[in-house]
Amino acid sequence: MTGRRLLPCLLLASLLSSAAATPARAQALVADLTSHLVAITTGFTGTNVVLFGATDGNGDVIVVVRGPERDLIVRRKSKVAEVWINTRQVTFLGAPSYYSLASNRPLDEIAPPAVRQLHQIGLENIRLNTETSLSPEETTEFRTALMRNQTRAGLYLPTVRQVSFLGDRLFRTTIDFPANVPTGTYLVEVFLVRDKAVVSGQTTPLVISELGIDAEVHDFADHNALAYGLIAVAMAALAGWLASLPFRHA
Amino acid sequence: MDIYLPIAALSVDVFVLLGLGGAVGFLSGVFGVGGGFLLTPFLIFIGIPPAVAVASSANQLVGASVSGVIAHWRRGNVDFHMGAVLLIGGFAGSAFGVWLFGILRRLGQVELTVSISYVALLGTLGGLMLIESTRAILRQRRPGAGRRRLHQHMWIHGLPLKMRFRRSKLYISAIVPVGLGFLVGVLSAIMGIGGGFVMVPAMIYMLGMPTSMVPGTSLLQIIFVAANVTVLQAVGNGTVDAVLALTLLVGGVLGAQLGSRFGSKLRGEQLRALLAIMVLAVAVKLARDLGVRPEDLYSVVMVGAE
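Chains E and L are the protein sequences, given in the same order.
According to our numbering, the first sequence is numbered sequentially starting from 1.
According to our numbering, the second sequence is numbered sequentially starting from 251.
Think of the hints as simulated: they come from the structure by calculation, not from any bench.
Some hints here could point you the wrong way.
Claimed, not checked - Taking beta-carbon pairs under 10 Å as the criterion, some of the chain E residues facing chain L (in silico):
(1) Thr41
(2) Thr45
(3) Val74
(4) Glu82
(5) Phe92
(6) Glu141
(7) Thr183
(8) Ile213
(9) His218
Idealized CB from N, CA, C, for every residue including glycine.
If we strip away everything but chain L, and leave its shape as in the complex, we get (with noise of 0.2 Å):
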């Protein structure tokens, strides 16, 4: 059964996005990310053009972190002070990252940009997530060797603007939450994703917040980072199409109840080990596709609607 979508003025198979977002949010239920950083790709592959892609997958993440903070809320989870400061941040990135992708529209470079963005992106992640996991399950084997000290001192805490969080019981100077939610701000407006994959590590291993506050306070900023993105799209470029966005929820909203029940049953570093198997698979795809001679060296586009 093929649905049309307005604003990508397409048709596609529905059962493919519905099947598109299940796969996306079992990932994301599993290995607790957003899953945005597969499914911008993964439009692409399938044929929806790049910038409605890249739009419409941020308006996608609204839905699926609001859910998702929920959850962590019920917990208790959320640091909703450092959520706020990591916004401010998140607001300003986002409105740059809209403005930059405008510019790359009209010089033809969306295209180029996203893929390059994302192989970089994917495989340092990948890369690292793979070292890191290797090592946690050889240090398993082989138990007591090497704990983490409690605190690291780096350059990172003697910055000025010191800030107190109370949940997350940090005394840190607001320059860096700021700094990160830019950060990631612009790639959300960019790559069409909340940032999680790049927001958690850093909320741990920069900012040293405690591990149960991460998940719950990183989605809690990027509904709202998402949602930005998701309106300066639809203003200045266009490209949110909002029945690819609800369709793709949900079967994304079904996907991650199932992921989150299969992920409780795995261990911990052979999750990460996976996941980093498949970031890295993705970059190699993008990046030989970067490389590979088009079939075609020249491509038709009407004025207005990339």
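Okay, chain E solo, but in the shape it has when bound (with noise of 0.2 Å):
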């Protein structure tokens, strides 16, 4: 191949990809999951939901979900004559009701302490407001307690999953949720991280509802109460009575 062949080639070839590199610095990232509903039916024990992307060149990927926002009491028991009892609580105001990490390499090899600070990315560095205000050492008491007791409902994730590349340049991960995950609307963050700075994100949410027969039942408890304790009340009375009949004549 001679150089006056080459010339037109390697013009076409930095063209193309100038072309197709501008769209995509418009938008670094892109992420989408295979599902944006989970629906929690009767047997539900648990599910996850598979997030793909791909980026427009290097960088490291790291990926936030959290769940709606709850209001949450933690207890302490102390041992009164002889029994625990719990005799202090604290309430924790729109703490996520859930939360998981992914990245495709260790974190503090990708983002410094402060920049995960900032995006609120691992479990210490959820920003969390008490009702009342505490003491620094009560603070931190009753937050460790919390984190412990939402990790072992396995509603905050304690290990950082990975997010495995595909070449390099498409990504994915899986977002795992236990039979106790609470319903709403969770907030799936994903960021790009160059040079140890968040260069683009995006959200996508990601709703998890009760459906069918269970989802209409709690509403209507939460809606009609009085109808809701009637009619159950009516279907235990008549459950009662048709257990009887097969033994009417014994």
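Using the supplied hints, reconstruct the complex from the two chains, each of which is provided in its own coordinate frame.
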């Protein structure tokens, strides 16, 4: 191949690549979920959702999943007259009801503490407010207890899951949800990190909701408590009466 | 196979619930008591939140007692007049109990109150039953010793507002059954029990009702008290899980029929001694748990989802 022929080829190639790069720069990161709705039905025992996406080149990817915010009460027991009793309680306002994290490399190699703190990456960086002001020692004490309990319940995932790259631009990861996952709108945040700074981010919603008969029962119990109570009584009474029928002549 | 309980908001193996309902139904068939006092602690053992366990047990109790009352009514063993008087106290007591329960929930002391109430009640009851049945067994070995008087007169018989109860052949103060109904109503709301095991001995020894009338009349009043508790818990605390209650009922109904057949083959005193030992075992387990240092001193609960 001579130089005269090579030149147009190179030009074409560079043109093509810049043409490809221009829209990609506007969107350095794209990601989506295999499903935007997780339905909790009668046999629900937990599930997982796959997140996949592409970057416009090198860089690291961090995925943070946060459940709907809830007010959580943390109670401490102490021994009073030989019996363990709840003696102190602290309410955390707007704590995530679920939290999990994934990245392609160890976090401390990707992003410095300040960046992780800013974007609430990692359990230690979740911002929590208490209803009443506490001493720093007590805040730490109850915060640690909250993290430990939520982790044990499988609602805060303590380990960083793997984001795997296929080539240098396509990536995917799996988000796990336990059987006791709270319902509501989840936010899946994907960060693209280059040179220890977040250069792009995308937030995708994910809805987890009760569907079918269970959802209707729960909804009905919430909004028509009196009717629900009366129906619950009537159904139990009916069941009791039905049960006595086969033994009528006994 | 797991079943999702909408109010408890968790999945439980449906066979565990059917088995539990069946076992409690079997016991109630054998011993002729409601079995709620065993159901609630067992539901808590398998991880149902205490408030939901208490309220849903009351719900399942409605069905179990309807089934029981029908059986006794066919034999003419229900005193409706006495049942109505007991109910006046029962309604007041269950309303008071549900109100008290709501306060305890806000204070975060539901679990403790439920446990302590159970330890006190089951401990006392199991102890008394064990003593009584042991005596009865010993008396059988020495025939002729210690016969009971037909009517014992106590301070209770001096109270005003006397009423006549024809079926039970009684002329006593209405204050006693109303008070008894109130006490059982409170217990029902706080512990999710019908109170049959408090009611039955009290009807025999305090009111002096004929033994044949006692189970049917006690169950009759339990239907209404449990129904009242269920509705009040649903409205006031939102803790009634109808799916849980109905699943337990399915197992309970079958268990009760098997139990009553098995029970008729056993001797009364031995049966009562057996029940006493079981009741005491539950009391000891609950009491030990109160004093054992929890694995984690801290617990987390969502606001309004206890």
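Each hint tested on the structure:
1. Given hint, threonine 41/E at the interface with chain L, holds; its Cβ is 7 Å from that chain's nearest Cβ, closer than 10 Å.
2. Taking 10 Å as the C-beta contact cut-off toward chain L, the hint placing threonine 45/E at the interface holds, the least distance being around 6 Å.
3. Evaluation of the valine 74/E hint against chain L yields a held restraint, the C-beta minimum of about 5 Å falling below 10 Å.
4. Checking glutamate 82/E against chain L: minimum C-beta separation of about 5 Å stays under 10 Å; hint holds.
5. Restraint check, phenylalanine 92/E versus chain L: the minimum CB separation of about 9 Å is within 10 Å; hint holds.
6. Annotation: glutamate 141/E was flagged as interfacial toward chain L, and the flag holds, the nearest CB pair being 9 Å apart, inside 10 Å.
7. With a cut of 10 Å, the hint placing threonine 183/E at the interface with chain L holds, because the nearest CB-to-CB distance is about 9 Å.
8. Interface hint at isoleucine 213/E: satisfied, since its Cβ lies 8 Å from the closest Cβ of chain L, which is below the 10 Å cut-off.
9. Because the smallest distance between the Cβ of histidine 218/E and any Cβ of chain L comes to about 4 Å, under 10 Å, the interface hint for this residue holds.
The structure shown violates none of the earlier numbered hints.
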